[in-house]
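Below are the chains, spelled out letter by letter.
Number of protein chains: 2
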Amino acid sequence: MNQQIIILIMMLFAASPLFPGDLKSISQSADSIVKTALRDSTGYKLLESLCQIGPRLSGSEQSVKAALFSLDAMKKQGYDTAWLQPITVPKWVRGTKERAILKSGKGKKLKPLSVASLGGSIGTNGSISAGVIEINSFNEMKSKAGDIKDKIVFYNVKWDQGLVNTFNGYGRLAGYRVFGGIEAAKYGAKGFIVRSITTRNDNTPHTGVTYYNDTLPKIPGLAIGIIDADFLSNYIKKDPSAKVTLEMNCYSAGDVPSYNVIGEIKGKEFPYEILTVSGHLDSWDKGDGAHDDGAGCMQSLEIPYLLKKTGYQNKRTVRCVLFMNEENGYRGADGYANLIANDGKEHLLAIESDRGAYTPRGFTVEKDTALVGILREFLPVLRKAGIDWVETGGSGADIARLKTIKNLIGFVPDDQRYFDVHHSANDVFSEVNHRELELGSASMAILIMLIDKNDLIK
Amino acid sequence: MNQQIIILIMMLFAASPLFPGDLKSISQSADSIVKTALRDSTGYKLLESLCQIGPRLSGSEQSVKAALFSLDAMKKQGYDTAWLQPITVPKWVRGTKERAILKSGKGKKLKPLSVASLGGSIGTNGSISAGVIEINSFNEMKSKAGDIKDKIVFYNVKWDQGLVNTFNGYGRLAGYRVFGGIEAAKYGAKGFIVRSITTRNDNTPHTGVTYYNDTLPKIPGLAIGIIDADFLSNYIKKDPSAKVTLEMNCYSAGDVPSYNVIGEIKGKEFPYEILTVSGHLDSWDKGDGAHDDGAGCMQSLEIPYLLKKTGYQNKRTVRCVLFMNEENGYRGADGYANLIANDGKEHLLAIESDRGAYTPRGFTVEKDTALVGILREFLPVLRKAGIDWVETGGSGADIARLKTIKNLIGFVPDDQRYFDVHHSANDVFSEVNHRELELGSASMAILIMLIDKNDLIK
Chain R
1 MNQQIIILIM MLFAASPLFP GDLKSISQSA DSIVKTALRD STGYKLLESL
51 CQIGPRLSGS EQSVKAALFS LDAMKKQGYD TAWLQPITVP KWVRGTKERA
101 ILKSGKGKKL KPLSVASLGG SIGTNGSISA GVIEINSFNE MKSKAGDIKD
151 KIVFYNVKWD QGLVNTFNGY GRLAGYRVFG GIEAAKYGAK GFIVRSITTR
201 NDNTPHTGVT YYNDTLPKIP GLAIGIIDAD FLSNYIKKDP SAKVTLEMNC
251 YSAGDVPSYN VIGEIKGKEF PYEILTVSGH LDSWDKGDGA HDDGAGCMQS
301 LEIPYLLKKT GYQNKRTVRC VLFMNEENGY RGADGYANLI ANDGKEHLLA
351 IESDRGAYTP RGFTVEKDTA LVGILREFLP VLRKAGIDWV ETGGSGADIA
401 RLKTIKNLIG FVPDDQRYFD VHHSANDVFS EVNHRELELG SASMAILIML
451 IDKNDLIK
Chain W
1 MNQQIIILIM MLFAASPLFP GDLKSISQSA DSIVKTALRD STGYKLLESL
51 CQIGPRLSGS EQSVKAALFS LDAMKKQGYD TAWLQPITVP KWVRGTKERA
101 ILKSGKGKKL KPLSVASLGG SIGTNGSISA GVIEINSFNE MKSKAGDIKD
151 KIVFYNVKWD QGLVNTFNGY GRLAGYRVFG GIEAAKYGAK GFIVRSITTR
201 NDNTPHTGVT YYNDTLPKIP GLAIGIIDAD FLSNYIKKDP SAKVTLEMNC
251 YSAGDVPSYN VIGEIKGKEF PYEILTVSGH LDSWDKGDGA HDDGAGCMQS
301 LEIPYLLKKT GYQNKRTVRC VLFMNEENGY RGADGYANLI ANDGKEHLLA
351 IESDRGAYTP RGFTVEKDTA LVGILREFLP VLRKAGIDWV ETGGSGADIA
401 RLKTIKNLIG FVPDDQRYFD VHHSANDVFS EVNHRELELG SASMAILIML
451 IDKNDLIK
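Those protein sequence lines, which keep their order, are chains R and W. 1 is the number of the first residue of the first sequence in the numbering used here; add one for each residue after it. 1 is the number of the first residue of the second sequence in the numbering used here; add one for each residue after it.
Fair warning: there could be bad hints in the mix.
If chains are identical, the list can't say which one is meant, so a pair holds when it fits in one copy or spans any two.
[Said to hold, decoys possible] In silico SDA-like links for lysine to any residue, alpha-carbon gap of 25 Å or less:
id, residue 1, residue 2
1, 308, 267
2, 35, 175
3, 97, 83
4, 367, 388
5, 35, 173
6, 75, 339
7, 45, 163
8, 367, 383
9, 406, 162
10, 238, 107
11, 268, 78
12, 144, 178
13, 237, 202
14, 35, 389
15, 45, 201
16, 308, 337
17, 76, 161
18, 45, 431
19, 75, 216
20, 109, 234
21, 24, 162
22, 367, 380
23, 45, 426
24, 238, 425
25, 97, 404
26, 24, 64
27, 308, 101
28, 308, 84
29, 45, 231
30, 91, 126
Honestly, the hints are just simulated from the structure, not real lab data. Because the structure is a prediction, the values reported are computed rather than measured.
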């Protein structure tokens, strides 16, 4: 049996696309990419400049400045070409007022709650006062259908700290924010408040998009910091006739012109085959959108620079796409999908970075399980930038809409701190660690290099 | 050949200690440990209380308070027994003065530099003024041997951001701090300044131990923040006759009594077989020693609680040891080594957590490569708390001195941010993320449970 085992082992090795010589050369290229990313810190410095522009909500003046800044940065990084793709985006304006004042049943003013209007919410047109009904699930709301009319619905559904994957934690709660207004309107609520979706124990409200349905009344919605959510919950148990007065002057200002930002370094052998790296340029307006998703954009922008600086001659065109309007409309992704549907090019791959600038852990591959196996063979190389695994899984909110791209990959950094800052005033540049961001850039650059150099996808 | 492949594959699976039924039960126990750690956040809350005591340099009043606090916490966590092991430790006192004033060659006072006396340094007995000679390696110093007499040696060796493993970065620089005084004294220097060993671009000095040699004069040493290190380097190039005046009143106060803290939950089947989890209780006095190593201590303290709360009946005794004096003497580790050398017990395993409270990545096994293979088979279970790999490697500074313990394992969390805060005023509780800390506790608790339940080591 011994000889047969040896033969089998030899066969297993022979099946690998990596021969020792190749592996050494690829390893050296990967080392060079990692060292350059960490030493130059180009993506991190770009992010610092981007964050200085301020928050970049779609349709805002800053979002256009951010697009122009990125276009300019692509040119400075040595891209062959870079351009703006015109699109239109919905413009929502937070306004100057977003207040929720708690008053006792006897009318005594107790405290202003720490709140933030939800993106897309209507304003209150003056103010609204109403009793508060706490709801802990949509099923519970159904069972209390008769008690909701003219109330403010308070979705106080708590984050489950017991879930290790924080995106699973987010997924269980996001529906209350996104659809809470529609569901509460069915039963005649006057407004709604959602407990902030966060892992951090503070009182900062975390905003995000909320949707309406044209067949139902539109009611205003706010996010509340979790310390005040607990306070409100406890208070209305003791004093059920307490009221909250909402005052918000946010509004939707229709569609306005905006841009995706696209740039390329042309492929030397197959210029019409496109490998894409991407992030979304818009951000919520409470912080600077440093992690969500300034980081993903500047990492993507840095990747062609890293390949060029380390002397890698890309066979295929490496393209960076910065999408506008991921947070509240996906107009950028949809516009880009239209652009590439019939452009005569082979869109082989897209990678998205939209999970924060934390240390790399893995890559998730959407649909194509064969690619999972292929990439796993290169884990010794990917590990140089911190990637420990490749799994089947979702890619990213923007690229998942690009149906003509054959292979979609999500970059997965460590996720323990992302929802500490996500969609809040805490999502600022000082929360980003330069080394963690740069390892993300390097891991995606290495992946592009591996795929391109070894012709791993067609 | 096909049938032979099938047989071979079956043999490979048969060699695994895991049968499907066991795996399911172990997986459920691991899930329970992780959920309990993340939801209860016991270790994190303990760390908050520990940090409120203040910095815990060996021999300080706070270090004794921290020992008593830990002893009490062990009892409150449901340990069967807990006690203090008396040891003596060297006491070093920072004093009230640690100044380095830069003056131009013409005697004009330019600026006070951001400095911190090195642990163990002598004071200046008044003040010392001298010219500064910049040194970038011990070899360079040898080549400039004639220029060093009566100077202040300035070791300005920079962190290499290009190294991915930050402990490698640290390892290349620590010698200048630890032995810089001895080496400079050989050539007649009057004092020495070391560039802070850090990944973060700020001006906070990072302290740490420095050693003397009884055959050479003792000269005072300070760490300097890296922004001022660059300033000093640039300035003395332009004005080589510039001088620095050092004033430090730190001193060594001899040996004083102190304690290791030890606690156990007794094994139900093999009480004389000991599985140990550990950290070091002392810390440098610039921050609160939150990451280094309050976190490792409180994670270790939490592990028996996690096993008990999730209903795990440990066959072997699970012991938590909190060492005193890792930072400047290893007296705790050496005292504990003496204690267990002939106590008639089987010290099977020790794990140390002393790399910060960051998200788990892996475990390193010292010496016993067979254990690496065994533990790798359990990666699907260890992954539940974020452990992606098991490798051969060093364990920890304290447990490496415990020669009678058969198996030594180092807990390896993500290392990108550790040297941002290490040994500096930035190592405070607010820099610790509760989820990252708790995943560390859970990963070590799962490892102990796996080893104990499956009799993996003897």
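Hints versus structure:
1. When the C-alpha separation of residue 308 and residue 267 is checked against a cutoff of 25 Å, the pair qualifies only within one copy, where the shortest distance is 12 Å, while the shortest distance between copies is 60 Å.
2. Within a single copy, residue 35 and residue 175 get their C-alpha atoms only as close as 42 Å, which misses the 25 Å cut-off; across copies the closest is 23 Å, which meets it.
3. Taking the shortest Cα distances, residue 97 and residue 83 never come within 25 Å of each other, neither inside one copy (37 Å) nor across copies (58 Å).
4. In this homomeric assembly, residue 367 and residue 388 come within 25 Å of each other (Cα to Cα) both inside a single copy, at 20 Å, and across copies, at 23 Å.
5. For the identical chains of this complex, residue 35 and residue 173 are inter-copy neighbours only, at 18 Å across copies versus 39 Å inside a copy, given an alpha-carbon limit of 25 Å.
6. When the C-alpha separation of residue 75 and residue 339 is checked against a cutoff of 25 Å, the pair qualifies only within one copy, where the shortest distance is 22 Å, while the shortest distance between copies is 66 Å.
7. Within a single copy, residue 45 and residue 163 get their C-alpha atoms only as close as 34 Å, which misses the 25 Å cut-off; across copies the closest is 19 Å, which meets it.
8. In this assembly of identical chains, residue 367 and residue 383 lie within 25 Å of each other by CA distance both inside one copy and across copies; the values are 23 Å within and 23 Å between.
9. Taking the closest pair of Cα atoms, residue 406 and residue 162 never come within 25 Å of each other, the shortest separation being 36 Å inside a single copy and 34 Å across copies.
10. Taking CA atoms no more than 25 Å apart as the test, residue 238 paired with residue 107 passes inside one copy only; the shortest distance there is 15 Å, against 72 Å between copies.
11. Proximity of residue 268 to residue 78 under the C-alpha cut-off of 25 Å is restricted to the intra-copy arrangement: shortest distance 15 Å within a copy versus 67 Å between copies.
12. In the homo-oligomer, the alpha carbons of residue 144 and residue 178 lie at most 25 Å apart inside one protomer (20 Å), although the nearest pairing across protomers, at 69 Å, exceeds that limit.
13. Taking the shortest alpha-carbon separations for residue 237 and residue 202, only the intra-copy value of 22 Å comes in at or below 25 Å, while the best inter-copy value is 49 Å.
14. For the identical chains of this complex, residue 35 and residue 389 are neighbours both inside a copy (21 Å) and across copies (23 Å), given an alpha-carbon limit of 25 Å.
15. Taking identical chains as interchangeable, the C-alpha atoms of residue 45 and residue 201 lie at most 25 Å apart only when they sit on different chains, with a minimum of 13 Å there against 30 Å within one chain.
16. Proximity of residue 308 to residue 337 under the C-alpha cut-off of 25 Å is found in neither arrangement, the shortest distances being 27 Å within a copy and 54 Å between copies.
17. For the homomeric pair residue 76 and residue 161, the shortest alpha-carbon distance between copies (23 Å) is at most 25 Å, but the shortest distance inside one copy (43 Å) is not.
18. For a Cα distance limit of 25 Å, the shortest separation of residue 45 from residue 431 qualifies both inside one copy, at 14 Å, and across copies, at 23 Å.
19. Proximity of residue 75 and residue 216 under a CA criterion of 25 Å is satisfied in neither setting, with 48 Å inside one chain copy and 59 Å between copies.
20. For the homomeric pair residue 109 and residue 234, the shortest alpha-carbon distance inside one copy (16 Å) is at most 25 Å, but the shortest distance between copies (60 Å) is not.
21. Proximity of residue 24 and residue 162 under a CA criterion of 25 Å is satisfied inter-copy only: 19 Å between copies versus 42 Å inside one chain copy.
22. For the homomeric pair residue 367 and residue 380, the shortest alpha-carbon distances inside one copy (23 Å) and between copies (23 Å) are both at most 25 Å.
23. In this assembly of identical chains, the alpha carbons of residue 45 and residue 426 lie at most 25 Å apart whether taken from the same copy (19 Å) or from different copies (22 Å).
24. Taking identical chains as interchangeable, the C-alpha atoms of residue 238 and residue 425 are never at most 25 Å apart, the minima being 31 Å within one chain and 44 Å between chains.
25. In the homo-oligomer, the alpha carbons of residue 97 and residue 404 never lie at most 25 Å apart, since the shortest distance is 43 Å inside one protomer and 68 Å across protomers.
26. In this assembly of identical chains, the alpha carbons of residue 24 and residue 64 never lie at most 25 Å apart, being 44 Å within a copy and 53 Å across copies at closest.
27. Neither within a single protomer nor between protomers do residue 308 and residue 101 lie at most 25 Å apart by alpha-carbon distance, with minima of 56 Å and 45 Å respectively.
28. With identical chains, the CA atoms of residue 308 and residue 84 are at most 25 Å apart within one copy only, with a shortest distance of 22 Å there and 60 Å across copies.
29. For the identical chains of this complex, residue 45 and residue 231 are inter-copy neighbours only, at 21 Å across copies versus 41 Å inside a copy, given an alpha-carbon limit of 25 Å.
30. Proximity of residue 91 to residue 126 under the C-alpha cut-off of 25 Å is restricted to the intra-copy arrangement: shortest distance 21 Å within a copy versus 67 Å between copies.
Hint violations for this structure: numbers 3, 9, 16, 19, 24, 25, 26, 27, all remaining hints satisfied.
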